[in-house]
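Engineer: Take the sequences, apply the hints, and build the full model.
Just remember that the working numbering sits 4 ahead of the position in the sequence shown, which is counted from 1.
Treat the hints as calculated values from the structure; they're not laboratory data.
All the pointers check out, no bait thrown in.
Restraint-style ranges between C-beta atoms, simulated for each label pair:
hint, residue 1, residue 2, range
1, K60, F252, 20 to 28 Å
2, A65, A195, 53 to 61 Å
3, A54, A232, 55 to 63 Å
Cross-link-like lysine-lysine pairs, in silico, DSS-like; alpha carbons within 30 Å at most:
hint, residue 1, residue 2
4, K245, K128
5, K93, K60
6, K60, K108
7, K173, K60
8, K342, K227
9, K281, K128
10, K122, K173
11, K281, K108
12, K128, K81
13, K211, K112
14, K245, K173
15, K171, K108
16, K112, K60
17, K112, K281
18, K122, K171
19, K38, K121
20, K108, K95
21, K93, K81
22, K60, K95
23, K38, K81
24, K171, K281
25, K173, K281
26, K121, K93
27, K211, K173
28, K121, K81
29, K93, K108
30, K173, K112
31, K108, K122
32, K171, K128
33, K95, K81
34, K112, K81
35, K121, K211
36, K60, K245
Every residue gets a Cβ at the ideal spot worked out from N, C-alpha and C, and that includes glycine.
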Amino acid sequence: MPKILLSLLLIIFLHSQVFADQVILINGDRLTGKIIRKDGDFVVIQTEAAGTVRIKWSAVAEIITDAPLMLTLDDGKIVQGRIETEEDKVKIEIEEAENLIVEKEAIKTVRTSEDQKKYEAEQKRIEESRLTDFWSGTVDVGFSMTSGNADTRTFTAGLRGVRETAKNKLTVYANALQVKDTSGNNRRTRAQSIWSGARYDVDINRKWFAFGSSDFEYNKPQKLNLRAVLGGGMGYHAVRKDRLNLDFTMGVTNNYENFSTRIHRNSAELLIGQEMKLQLNSRVRLTERAVLYPNISKIGDLRSLFDASLQTDINNWLGWHLTVGNRFNSRPIDRTEKNDFRLSTGIRFGFGKNKKRVGK
5 MPKILLSLLL
15 IIFLHSQVFA
25 DQVILINGDR
35 LTGKIIRKDG
45 DFVVIQTEAA
55 GTVRIKWSAV
65 AEIITDAPLM
75 LTLDDGKIVQ
85 GRIETEEDKV
95 KIEIEEAENL
105 IVEKEAIKTV
115 RTSEDQKKYE
125 AEQKRIEESR
135 LTDFWSGTVD
145 VGFSMTSGNA
155 DTRTFTAGLR
165 GVRETAKNKL
175 TVYANALQVK
185 DTSGNNRRTR
195 AQSIWSGARY
205 DVDINRKWFA
215 FGSSDFEYNK
225 PQKLNLRAVL
235 GGGMGYHAVR
245 KDRLNLDFTM
255 GVTNNYENFS
265 TRIHRNSAEL
275 LIGQEMKLQL
285 NSRVRLTERA
295 VLYPNISKIG
305 DLRSLFDASL
315 QTDINNWLGW
325 HLTVGNRFNS
335 RPIDRTEKND
345 FRLSTGIRFG
355 FGKNKKRVGK
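Structural biologist: Below you can see the structure in the form of structure tokens.
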């Protein structure tokens, strides 16, 4: 009997050692468990009763840890120690060294020693990576047809690939649209367009980044053989949350246009852009991009583009999408329309993994 009692006491003692960290929220709620990590705007704690819980860092009033953790500060310094908060200050108890007191907002990440080693190994892999590594993206396919009084065939396709690491991002894309009217003997292509391009972003700090971009367009109804837009500028990460990313960009471009009517135009433009990614729930997300191109060479002329896509995931590689796009040009040629609008829907295939920008 004493042995059984001793065993029970030992289990209780060891159990209390495993779940010994405490998180006290601003509203007074208290969680006891083991702090796993703090990345971005959330701290993760493993509890006995509620399992793994994610808490907003801004909602935390006090933290007391029993075991040492690895902390990365906003100046890049990495320290190891136990944590104890004092109002808006955090005291880090470092073994065999003087305690360090920092502002709560100065703590960039908190990880266990094991997770820190994994993170550093991943960072080393990123530094030694090849161009073919870290790609993720989507492939879209859509088709529709009518038959009877009107015979039409509409085909849409799209490709988007992103190679993202902790400090830079390369995005490539291509979209195609074709609409054919096969009614009677008057068969003709009513719409045929291709958009493609790439952009390379390099982070300067947590908020600002520089970018270079290239965009190419072919549009048969607009009699556009080629539009080549090359440019670059600066961007600002306005919001970088788990569910919402919002960026603003501004720069200059050179716009070269070649039309089938033998008209060639070359002009300088400003670039004023905005991009958003919004995770509505675990399966549904919205992406949106809007760019204005005020003409510098010919004041008063303006181009703009708008793209938005709503995607619902069926599983981890297949989804459904609804995509709208609009292209406006205040200076069309030969009685062509100023505005081109498209709406497409279809299936979307995903590839690669969506890499998060670790430590941002």
